[in-house]
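What follows is the residue order along each chain.
Number of protein chains: 2
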Amino acid sequence: MIEVEVKARTLPETLDKIISLGATFSGTESHEDLYFNHPHRDFRRSDEALRIRIKEEGARLTYKGPKLDGLTKSRKELTVKIDSPQEMAEILAALGFVLSAVVRKRRTKYVLGDITFALDDVEGLGSFLEMEIRGEADFFEEQRRRVLSLLEELGLGESIRSSYLELLDEKARKESAAWKDRPP
Amino acid sequence: MIEVEVKARTLPETLDKIISLGATFSGTESHEDLYFNHPHRDFRRSDEALRIRIKEEGARLTYKGPKLDGLTKSRKELTVKIDSPQEMAEILAALGFVLSAVVRKRRTKYVLGDITFALDDVEGLGSFLEMEIRGEADFFEEQRRRVLSLLEELGLGESIRSSYLELLDEKARKESAAWKDRPP
Chain A
1 MIEVEVKART LPETLDKIIS LGATFSGTES HEDLYFNHPH RDFRRSDEAL RIRIKEEGAR
61 LTYKGPKLDG LTKSRKELTV KIDSPQEMAE ILAALGFVLS AVVRKRRTKY VLGDITFALD
121 DVEGLGSFLE MEIRGEADFF EEQRRRVLSL LEELGLGESI RSSYLELLDE KARKESAAWK
181 DRPP
Chain B
1 MIEVEVKART LPETLDKIIS LGATFSGTES HEDLYFNHPH RDFRRSDEAL RIRIKEEGAR
61 LTYKGPKLDG LTKSRKELTV KIDSPQEMAE ILAALGFVLS AVVRKRRTKY VLGDITFALD
121 DVEGLGSFLE MEIRGEADFF EEQRRRVLSL LEELGLGESI RSSYLELLDE KARKESAAWK
181 DRPP
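So the protein sequences, as listed, match chains A and B.
The first sequence: position 94 = 94 (our numbering), numbered continuously.
The second sequence: position 103 = 103 (our numbering), numbered continuously.
Hints may be right or wrong, so weigh each one.
Stated by the list, open to error - Simulated pairs of lysine to any residue, SDA-like, Cα-Cα distance not exceeding 20 Å:
#, chain 1, residue 1, chain 2, residue 2
1, B, 76, A, 94
2, B, 109, B, 3
3, B, 64, A, 87
4, A, 67, B, 93
5, A, 81, B, 53
Bear in mind the hints are in silico, worked out from the structure with no lab data behind them.
Remember, predicted model here, so these are calculated numbers, not experimental data.
Using the sequences and the hints, build the whole thing.
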């Protein structure tokens, strides 16, 4: 099983276009994601992630390995449901892991056949669309073509490969550089 | 809330004595405990433990901090319920934690008021009794006296402060030393 996913910044008309494609509303979710860095391995360098995601219906701990190739976002992903995100965060802290970022977003989901459209309103970053097809690895190329052509059809040119965490980091770096470069 | 606990090796008559005290049967459990060592901190030296416990009704991840004093087994304990011990073990492995031991036991529980008697049959170690009272910290001294006097009443002299993990380690060290000292 693999997951083909693209992400782009939305335009004001994006939701209307998704609906006019025939996609149907499938729910909204709030995500609060706590990212932790490893005590002795810098996850930002090693392209790994350890995350506690808190949703209305429960919480999960997820590890994401480095991306497996340069073209796609495919990577090893391991997940367990947990009954207490607070207790899990305390265990990670006791093991030396450091809370490095909190990402909050509101996700509205639409579905069209095997495609999921997630419209994300990310605190501090703005609005994004993530399109995802899950399927057998054999059809990877076909699925990749489908999501990329849908992106074009929606008029959303650029596919973003960075995670929200990376985008928030980038924003913080730019803001801090702008602050340093301000006129005296 | 604290937990006062003593442990001792059982005698053939121990179960009968517990029952004659008025304790009633409250169930049996199978535990499979996977212990993990930290990638950069030797938990055997730092007196910490990270454990996945698999029981019939589900699994938990537990962190135990160093013992807080020399007299009791009191220590910080953090626990989350997890839906998949396999996935949790894979996450820990991906983070660099090393599976250091597996401890299997069959536990039979008896209850007398606020006291729990756990008769443990530990694979590779034999039979033990763990007596536990949970209560408010204010009554710690009283509870400690009660469990120690019960230990005497049951004719079980020596209280063992080592964990099963430490007892298994000790046994392995002795066996390995005996092997080295064998006559040529």
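Mind listing which of the numbered hints don't hold for this structure, in increasing order? Checked against the structure, no hint fails, so every one of them is satisfied.
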